[in-house]
Amino acid sequence: MTNHTNQRSVIRTQALTRHFTRSKKTVEAVRGLDLEINRGELVAFLGPNGAGKSTTLRMLTTLIPPTSGTAEVAGHDVVRARSAVRRSIGYVGQGNAAAYVQRGRDELMSQARAHGIPRAAAKARIEELLAAFDLQEYADRPVQTLSGGQRRRLDIAIGLFNHPEVLFLDEPSTGLDPQNRANLQEQIRRLHEDGTTIVLTTHYLEEADALAGRVIVIDHGVVIADDTASRLKERLGDLVLLGFGTESDAATAASRAESALSGSTLIERAGTQVSIRTPRGADSAPALAIDLAAHGTPAIRMEVHAPTLDDVFLDLTGRSLRESADSTTQTEGAAA
Amino acid sequence: MTTLTIPATQVRRTTRPLSRPTGFLTDTWTVLVRELTPKLRQPASMLFAMVQPLVFLGLFAPLLPAVESGSALQWFVPGIVVMTALMGASMTGADLTAEIRSGSHERLLVSPLSRPSLLVGRALKEVVPVLFQTAVILAVVTPFSFDLHLGGVLVGAVIVSLFAIGLGALSFALATAAKEQDWVFWTVQQMLIFPLLLLSGVLLPLDGAPGWLRFLSDINPMTYVVEAERALFAGEFPADVVISGFVAATAVAVLGVLVGVRTMERSS
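As you go down the protein sequences, you meet chains Z and H in turn.
Residue numbers in the first sequence follow the numbering used here, run continuously in steps of one, and reach 338 at the last position.
Residue numbers in the second sequence follow the numbering used here, run continuously in steps of one, and reach 1193 at the last position.
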């Protein structure tokens, strides 16, 4: 028996792979994933639909077995020790955890029974969760009469019932209105502050950006980036757009900027406009503008854009996250 | 306008998960209790499967010719009890389809409940609506020309319960295989129940039927269940008929659970 509580790593995968066969064609949904997630981390799997993030989550939560490779969650192998994994984790799927014909309190109790929790402890835990998620007055109503936000809170309460070592959330905010989405993100942040390890998938950049300490960008079944959101964006750099009076001014300024700015700088000129992608561009832009004016090619307009995760995704894949969200939905269908 | 409040209390975290290993029987009981809870909170929901049988009872039974041994009702009611079990248990998979669609089934698959318990617990709960429905039917018909033989009815209830467990398990297996596509479920279910019903001789005796129809009736396990119920509800215990009914119902139950468990184990 491994004493997993002493280890820092709570999820570890090696060459984790999953294939699906769809109309005699093999779809490689996840291809050789190597991951290590530590206790207390809040990690977002970001990628378009069909990128393989949900498939990865389904393997980590024992819903589907890997085609090859291994994964350990909370110290247990997801294939050989499925039930140990299931006892250690919480899962909030894309749908609702409580059946619509049931009452919230009954579903919390069935979750307690599933985890073998004695009745008295179960009742105490139910009250604790109902209070924490502000669900007391809805607990005895049929789930189908609850609002989307109330149901989502109930989903999380059910997912957290067993004090999971890792809470998995699959597209948690899909279908929620902006207000409920913000509320949900607040919940997730609190859980993270309490020390719960959280792994979520999302195709909302804002969500990954707002929530996660660590963003793992997945595309075509492989990890293409794995870092904090801020470092991912920092590495890409800010976008500085400069407008000039004439094309020749713009050309001169472009070459001047090239020598003035060091590091991984990308400069493009289109007509009278020069676009510069450079690390910490917001900091260097004022000095650059002064320098260009001093050399007789003053900029007449300037914009500075901080990078978004969408820019990061575009930079990594050559595709926009939003565009690919529509084009690759078929592969996700195979994963479902 | 919905009001949203962010909970003030935090969900305290302990170092160890609050979960203990459970056995198959505990899991099955958990599933059974979970399935029954909404039905017991709203018993009227169990009447839905009775609409059709009660219509037959009210509008079809009066057309039956009098038979030499007792009333037509005495002959007809046992069949209606089996018909109600057939209707209810074969539809029960739709509840699972709803859970597959809404996501609650997925939550149970990720929970520590074993796959076989998810099927067996569900199938076992079919006994409750069957007994409830049988009681309602008997309560309706007893004031008329129907003699209640309690001993026979109780043995009959055991047989029809086994039959319902098997049908329920098959219905859940069908729902599991059909996944979110509920039209697949309903198409197959509708395609199967009417041949089963007509070939079992619930509505009309198959004595004068052509050979091929007799053959199909003979391989229909429901035929034996209906014949056993008829004898038992009349207060008779002919060993061969009762044993045949019991064997047929048990065979359906065993087959249903085996197929159901296999399907559920592949469910993801």
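Think of the hints as simulated: they come from the structure by calculation, not from any bench.
Please note that a few of the clues may not be correct.
[Said to hold, decoys possible] FRET-style restraints, in silico, Cβ to Cβ:
| id | chain 1 | residue 1 | chain 2 | residue 2 | range |
| --- | --- | --- | --- | --- | --- |
| 1 | Z | 321 | H | 1108 | 50 to 60 Å |
| 2 | Z | 232 | H | 966 | 19 to 29 Å |
| 3 | H | 1112 | Z | 81 | 31 to 41 Å |
| 4 | Z | 72 | H | 1060 | 29 to 39 Å |
| 5 | H | 1111 | Z | 129 | 35 to 45 Å |
[To be verified] Facing chain H, a subset of chain Z residues (Cβ under 8 Å, in silico):
| id | residue |
| --- | --- |
| 6 | 63 |
| 7 | 65 |
| 8 | 69 |
| 9 | 113 |
| 10 | 116 |
| 11 | 164 |
| 12 | 235 |
Values in this document were obtained by computation on a predicted structure and should not be read as measured data.
Just so you know, even glycine gets a beta-carbon here, dropped at the ideal spot from N, CA and C.
Hints, verified against the model:
Checking the proposed 50 to 60 Å range against residue 321/Z and residue 1108/H shows it is violated: the Cβ atoms sit about 36 Å from each other. For the pair residue 232/Z and residue 966/H, the supplied restraint of 19 to 29 Å is violated, since their beta-carbon distance comes to about 51 Å. At roughly 36 Å, the beta carbons of residue 1112/H and residue 81/Z sit within the given window of 31 to 41 Å. At roughly 54 Å, the beta-carbon separation of residue 72/Z and residue 1060/H lies outside the given 29 to 39 Å, and the hint is violated.
The hinted range of 35 to 45 Å is satisfied by residue 1111/H and residue 129/Z, whose Cβ atoms lie roughly 41 Å apart. Interface restraint check: residue 63/Z against chain H, minimum CB-CB distance 5 Å, threshold 8 Å, status holds. Proximity of residue 65/Z to chain H holds as hinted, the smallest CB-CB distance being about 5 Å (cut-off 8 Å). With its C-beta approaching chain H no nearer than about 13 Å, residue 69/Z sits outside the 8 Å limit, and its interface hint is violated.
Interface hint at residue 113/Z: satisfied, since its Cβ lies 7 Å from the closest Cβ of chain H, which is below the 8 Å cut-off. A cut of 8 Å between beta carbons decides the hint on residue 116/Z: the least distance to chain H is about 4 Å, and the hint holds. The closest approach between the C-beta of residue 164/Z and any C-beta of chain H is roughly 4 Å, which is under the 8 Å cut-off, so the hint is satisfied. Taking 8 Å as the C-beta cut-off, the interface hint given for residue 235/Z is violated, the closest approach to chain H being about 28 Å.
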